[in-house]
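Peer 1: Heads up: the protein sequence lines correspond to chains A and B, in order. FYI, in the UniProt record's numbering the residues of the first sequence are 1 to 301. FYI, in the UniProt record's numbering the residues of the second sequence are 1 to 301.
Just so you know, the hints here were simulated from the structure itself, not pulled from any lab data. Do not take every clue at face value.
Which copy? The list can't say, so a pair holds if one copy fits it or any two copies do.
[Said to hold, decoys possible] Heads up, simulated BS3-like pairs for lysine-lysine below, C-alpha to C-alpha not over 25 Å straight-line: (1) Lys94 to Lys105; (2) Lys245 to Lys102; (3) Lys245 to Lys105; (4) Lys102 to Lys120; (5) Lys105 to Lys91; (6) Lys91 to Lys102; (7) Lys245 to Lys222; (8) Lys2 to Lys157; (9) Lys130 to Lys54; (10) Lys105 to Lys120; (11) Lys54 to Lys297; (12) Lys201 to Lys222; (13) Lys201 to Lys130.
Number of protein chains: 2
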Amino acid sequence: MKLTILGCYAATPRTFTNPTSQVLEINNHLFLIDCGEGTQVELRRNKIKFSRIKHIFISHLHGDHCFGLVGLISTFRLLNRESELHVYGPKGIKEIITLQLKLSKSWTNYPLLFHELDSKSPELLFEDEKVSVETIPLDHRIYTNGFLFKEKPGPRKLLINEIMKYNIDVSLYQSVKMGKDVESNDGEIIPNHLVTGPPAKPMSYAFCSDTAYYPEMISQIKNTSILYHESTFLEVNRELAAPTKHSTAIQAALIAKEANVGKLILGHFSTRYPNIQLFKEEALSEFSNVELADDGKIFTF
Amino acid sequence: MKLTILGCYAATPRTFTNPTSQVLEINNHLFLIDCGEGTQVELRRNKIKFSRIKHIFISHLHGDHCFGLVGLISTFRLLNRESELHVYGPKGIKEIITLQLKLSKSWTNYPLLFHELDSKSPELLFEDEKVSVETIPLDHRIYTNGFLFKEKPGPRKLLINEIMKYNIDVSLYQSVKMGKDVESNDGEIIPNHLVTGPPAKPMSYAFCSDTAYYPEMISQIKNTSILYHESTFLEVNRELAAPTKHSTAIQAALIAKEANVGKLILGHFSTRYPNIQLFKEEALSEFSNVELADDGKIFTF
Numbered sequence: 001m002k003l004t005i006l007g008c009y010a011a012t013p014r015t016f017t018n019p020t021s022q023v024l025e026i027n028n029h030l031f032l033i034d035c036g037e038g039t040q041v042e043l044r045r046n047k048i049k050f051s052r053i054k055h056i057f058i059s060h061l062h063g064d065h066c067f068g069l070v071g072l073i074s075t076f077r078l079l080n081r082e083s084e085l086h087v088y089g090p091k092g093i094k095e096i097i098t099l100q101l102k103l104s105k106s107w108t109n110y111p112l113l114f115h116e117l118d119s120k121s122p123e124l125l126f127e128d129e130k131v132s133v134e135t136i137p138l139d140h141r142i143y144t145n146g147f148l149f150k151e152k153p154g155p156r157k158l159l160i161n162e163i164m165k166y167n168i169d170v171s172l173y174q175s176v177k178m179g180k181d182v183e184s185n186d187g188e189i190i191p192n193h194l195v196t197g198p199p200a201k202p203m204s205y206a207f208c209s210d211t212a213y214y215p216e217m218i219s220q221i222k223n224t225s226i227l228y229h230e231s232t233f234l235e236v237n238r239e240l241a242a243p244t245k246h247s248t249a250i251q252a253a254l255i256a257k258e259a260n261v262g263k264l265i266l267g268h269f270s271t272r273y274p275n276i277q278l279f280k281e282e283a284l285s286e287f288s289n290v291e292l293a294d295d296g297k298i299f300t301f
Numbered sequence: 001m002k003l004t005i006l007g008c009y010a011a012t013p014r015t016f017t018n019p020t021s022q023v024l025e026i027n028n029h030l031f032l033i034d035c036g037e038g039t040q041v042e043l044r045r046n047k048i049k050f051s052r053i054k055h056i057f058i059s060h061l062h063g064d065h066c067f068g069l070v071g072l073i074s075t076f077r078l079l080n081r082e083s084e085l086h087v088y089g090p091k092g093i094k095e096i097i098t099l100q101l102k103l104s105k106s107w108t109n110y111p112l113l114f115h116e117l118d119s120k121s122p123e124l125l126f127e128d129e130k131v132s133v134e135t136i137p138l139d140h141r142i143y144t145n146g147f148l149f150k151e152k153p154g155p156r157k158l159l160i161n162e163i164m165k166y167n168i169d170v171s172l173y174q175s176v177k178m179g180k181d182v183e184s185n186d187g188e189i190i191p192n193h194l195v196t197g198p199p200a201k202p203m204s205y206a207f208c209s210d211t212a213y214y215p216e217m218i219s220q221i222k223n224t225s226i227l228y229h230e231s232t233f234l235e236v237n238r239e240l241a242a243p244t245k246h247s248t249a250i251q252a253a254l255i256a257k258e259a260n261v262g263k264l265i266l267g268h269f270s271t272r273y274p275n276i277q278l279f280k281e282e283a284l285s286e287f288s289n290v291e292l293a294d295d296g297k298i299f300t301f
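When you get a sec, could you build the whole thing from the sequences and use the hints?
Peer 2: Put into structure tokens, the structure is as follows:
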């Protein structure tokens, strides 16, 4: 699992900071999460192949999370994209995009499929044999979802030294990895647990931005490997968090602790702070495994 | 008159090139012309004070000329702007912006005034005692206007050596500059032309992008000081110009020659060309005073 942060600052694009956008690579999928102004340039800067993006997830319709979407969709057209593009986002997103394509007489030459969201409960958005994506309802000034990306358990691990003890045809190994008992060439039934170990623990990633402190999300993201949680404010400005429905670094850390996640990544920093290290320091008072997002930073898990 | 090129490349923003946007400073006005994605960042990079922008002119609704507008309007709100903002652009621009402000529940806290255009004849958009702005109808795939910015003639120049020959009260000089004859303290009527010279020649700037080769514009821009004309293609790709309703460098130069402008600035280069110097070379075959726009370049006239 690889996470590339294209932008992680709040409110407005600036000379050296970008609004929210990130790319999650998981089981050969490249999922784009949020798409603030300038995202297509950051994709180029990070050498991410446009054609590999087939699913875009938009958390909410504040500009710093979606104003780059129409430009990216248009650029796909200019690059003669042919494959489907799926856009998941709040109700209204289709009207925003199609109005602009209509008025510029620039319909896409590829299938552009909108999946509009308005449920306040978690919804399954995407699923294949290896990965699922669902919404995480959040608490912000307008309708907002986070997204939970989950690997499914893979095949069991073959214990090569064990299986070699039996006279088992190699063509049956695939079925053994799927958990089946197996008959050896000697007619003996070998119980699966003798020749396999449990599969690698599936990874999961929860993207939670923007949101006020919202403990209701905890049950859904319990034990998630990685939690990206917004932390717009430091303690010195904690009084701004509730009215703007944002979180402080400490509030993000409390969510991480209660949800027992593996690692917390902080982002969506207000540009008022010249030193983002303070976000980490404050969060560490409540949760031990904290990292800071930053534009262009890559995490591999 | 000072022209700052924020972006002058066609189609899509890239790592080192920006779509169309420029700032014209003329008689203390700061006019923003077009607003491709990333314009607000380029304004910051060029240290242009956001609060001085009161009028934004949008040529047409293709994304590379307007996708940065909603973000800029939103940033003005976040910066607590109070003064009016006037946006001039094709019919539909108001719906595009207001739909996004509505869905993000982010109405501006300053007066945002749209002036929607659909006339195919030149229209006066703005006028004060020193400057006027009018549309230049162009020929593109969708409804498109260029813009003609004209200084009005200033006061006549006092010929100090001449006026000192007469016994004229200094308090009357202002009226002399306005072209009036004047009575000396000796009771003599002094004809204005004896003590003044003609005012400085008013400057004018014509922005013409995007457009096919369109000689119909020539009468309107005749003798303009500076013409910015798009030149998307070089001769090697001249067959692409007509169907896409763009111009070649030579076609831009032919317009400049026929219109007898003072200087031609070329821009809106297709990003397919690694060397934009060729645009200048080709244009020079038809017109002698040619300069190339480039992102971040500043022209003072």
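Peer 1: Against each hint, give a clear statement of whether it holds in the structure.
Peer 2: Structure-based check of all given hints:
Taking identical chains as interchangeable, the C-alpha atoms of Lys94 and Lys105 lie at most 25 Å apart whether they share a chain (16 Å) or sit on different chains (17 Å). Taking the shortest Cα distances, Lys245 and Lys102 sit within 25 Å of each other only across copies (19 Å), while inside one copy they are farther apart (34 Å). In the homo-oligomer, the alpha carbons of Lys245 and Lys105 lie at most 25 Å apart only across protomers (14 Å), although the nearest pairing inside one protomer, at 38 Å, exceeds that limit. Taking the shortest alpha-carbon separations for Lys102 and Lys120, only the inter-copy value of 20 Å comes in at or below 25 Å, while the best intra-copy value is 31 Å.
In the homo-oligomer, the alpha carbons of Lys105 and Lys91 lie at most 25 Å apart both inside one protomer (23 Å) and across protomers (14 Å), since each shortest distance falls under that limit. In this homomeric assembly, Lys91 and Lys102 come within 25 Å of each other (Cα to Cα) both inside a single copy, at 18 Å, and across copies, at 12 Å. In this assembly of identical chains, the alpha carbons of Lys245 and Lys222 lie at most 25 Å apart only when taken from the same copy (22 Å versus 57 Å across copies). For the homomeric pair Lys2 and Lys157, the shortest alpha-carbon distance inside one copy (23 Å) is at most 25 Å, but the shortest distance between copies (69 Å) is not.
For the identical chains of this complex, Lys130 and Lys54 are intra-copy neighbours only, at 16 Å inside a copy versus 53 Å across copies, given an alpha-carbon limit of 25 Å. Proximity of Lys105 and Lys120 under a CA criterion of 25 Å is satisfied inter-copy only: 18 Å between copies versus 35 Å inside one chain copy. Proximity of Lys54 to Lys297 under the C-alpha cut-off of 25 Å is restricted to the intra-copy arrangement: shortest distance 22 Å within a copy versus 37 Å between copies. Proximity of Lys201 to Lys222 under the C-alpha cut-off of 25 Å is restricted to the intra-copy arrangement: shortest distance 15 Å within a copy versus 73 Å between copies.
In this assembly of identical chains, the alpha carbons of Lys201 and Lys130 lie at most 25 Å apart only when taken from the same copy (13 Å versus 72 Å across copies).
Every hint, counting from the list given before, is met by this structure.
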